[in-house]
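Student: First to last, the protein sequences are chains A and B. The first sequence begins at 1 in the working numbering and counts up one residue at a time. The second sequence begins at 1001 in the working numbering and counts up one residue at a time.
These are computed hints drawn from the structure, not numbers from a lab. A couple of the hints might just be wrong.
To be verified - Taking CB as the label site, the calculated pair distances span:
1. B:Glu1012 / A:Lys75: 27 to 33 Å
2. B:Pro1030 / A:Glu64: 14 to 20 Å
3. A:Asp252 / B:Asp1109: 25 to 31 Å
Said to hold, decoys possible - Stretch-level coverage of chain A by chain B, calculated; a stretch enters the list once three of its residues show a Cβ under 8 Å from a Cβ in chain B:
4. 23-34
5. 120-132
6. 138-149
7. 244-250
Built from N, CA and C at the ideal position, the CB exists for glycine as well.
As a plain string of letters, each chain reads:
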Amino acid sequence: MRKVGVIGAGMTLFRRRLQETGKEMCFEATKMALDSAGLTRADIDMVVNGTAPDAFDGVHMKGEYLLDGCGGYRKPYTRVFTGGGTGVFSSIAGWWHVASGLADAVLVVNEEKMSSCQPHPQSVFAHIWDPILDRPLRPNLVWIFAMEMNRYMHVHGVKKEDIARVAVKNKRNAVGHPCAQLADPKITVDDVLNSEVMAWPVQRLDISPPSDGASAIVLASEDFIRRRKIKDRAWMSGVGWCIDSTMWTDRDLYFPEYVARAAQTAYKRAKISDPRREIDFAEPYDPFDYKELHHLEGLLLAKKGEAPILTREGVTERDGDLPVCPSGGLMGVGNPIAATMGQKIGELFWQLTNQAGKRQIPHEVHTGVAQAWGDLMQYGSVVVMSS
Amino acid sequence: MTERITKWPGVELSAADLNEGKVTQTRFRPNAKYAWSAGEAMSRFLAELQNGRLIARTCRSCKRILFPPRMFCEVCFRPTDEWTYIQDTGTIETFSISYLDTDAKRIPDPILVGVVSLDGASPKMGMMHYFGDMTKDEIRIGMRVKAVWKPWEERRGSVLDIRHFGPLRKDAK
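So here's chain A without its partners, still in its complex pose (with noise of 0.2 Å):
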């Protein structure tokens, strides 16, 4: 296997509604990942494309759609598609086909546009589930994280004050960042407490909203980072994904397995053997808050109940021990589904060559690791990557 680094990224505003279509803002994300790595779209042998349901965008086909936009125009193109799992696992298919030796240079261009579904795509969600176990009940998707996140705190016996530091820490991290839709500097714990109850124990401010957005990275190999002088790199030095069956009335919601799998087949491939001393700082996934404490166990990089306390005690705060969504998040910066790669490989690049400019974490971090999640509560897609 070949080394693989990041040499670009790019990300357009996240927000409820933007009117460039899909395309526009693929393409926008792709010129400014394509710029920052100074090549053009000639330099680049093969393109990933990921992106969520078609329902969202309401047309099929979704990848050829965007194809044009994400730089593909007759070239070796594949959209790959992992649910919300997609944020993270693009960047692992971009990596396979410069590991393998197949590509010297590919793009990766994740797009979301929800807003196009109407009057919410709350009701496309509805399409996922299974059609005779769970259609009949009328699901809404909010339920199976109220559903984790309940037998989350029976568990290990978490207050809600306790998951909503998370919110509150995501939102004001993404106050640095440029592309946030739901940055909030004075948001309190008693704010995200005493939102609306949309289905206990989920409350308004402990979800991130659905959202429009597009973001692109671009990876090489080592030769062509040396023999084109690149100096901005940050190495994927390891990769991993893992997914349960989707019989998921049929496990214990409490851990996440499919995580810590995909984490320790990355930290195997990365030569990470001790996890929480070895990874600097971390971008799980949190499109609802206790998602970033139940994937800081599943990365094993907190015991089964102490992410929380971790969160109480400062340690995943941007200046802490194990700065955590650094980026300011999902819950902060926003979910627009397979774009948030921007806050998770994309933040990971802008940390680790130390161009995150107010975000960037105060003291010297080597290496991080980021994580995304999806389908029915069960895959997991975890990236390593090192300074």
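Since chain A is already given, all that's left is putting chain B on it; use the hints.
Tutor: Same frame as chain A, but now just chain B:
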């Protein structure tokens, strides 16, 4: 780089911009309809629901009693072996008190919904369903519950043949 860029791309729209036609747009309403054949395992499962019973499949290899039933074991990756009835009683594993309906519209009277693991199936195996005959203040994880079936003539061979799971009281046995 994030400091060097002054203009990040994207033009924000409000709901009114779309709904009041302030921006150029186009609209489409799909009309998609589906019919799913229930398959081998689910056809029997649904027929048994109409009879007021819950049925599972056994796997001799991993010794699990699989519910919801399936014709192959995803762990051992072999065909399952036998049909077996399980009880219509169980334990609340988790739940939500939902003020959202399926379209994310707000509703005043919350839906109690969650996962019930069923007695007679392997541990933690169960189904999603509604809970009833209890208030939002009474429901708790670990609570023992029993299926409340619709009257025979109202059953259609659907998970909705169970109206909800209600408290399992000693006097109800």
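Student: Determine for every hint whether it applies to the structure shown.
Tutor: Results of checking the hints against the structure:
1. Range check, Glu1012 (chain B) to Lys75 (chain A): Cβ separation about 32 Å, and the 27 to 33 Å hint holds.
2. Range check, Pro1030 (chain B) to Glu64 (chain A): about 18 Å between beta-carbon atoms, so the 14 to 20 Å window is met.
3. Between Asp252 (chain A) and Asp1109 (chain B) the beta carbons are some 30 Å apart, a value that agrees with the proposed interval 25 to 31 Å.
4. Evaluation of the coverage hint for the region 23-34 of chain A: fulfilled, as 4 residues show C-beta separations to chain B shorter than 8 Å, against a requirement of three.
5. Counting residues of the region 120-132 of chain A whose C-beta lies closer than 8 Å to any C-beta of chain B gives 6; at least three are required, and the coverage claim holds.
6. As drawn, the region 138-149 of chain A meets chain B at 8 residues by the rule of a beta-carbon pair under 8 Å; at three or more, the given contact holds.
7. Under the rule that three or more residues need a Cβ within less than 8 Å of chain B, the assignment of the region 244-250 of chain A holds, with 4 such residues.
In terms of the numbered hints stated before, the structure departs from none.
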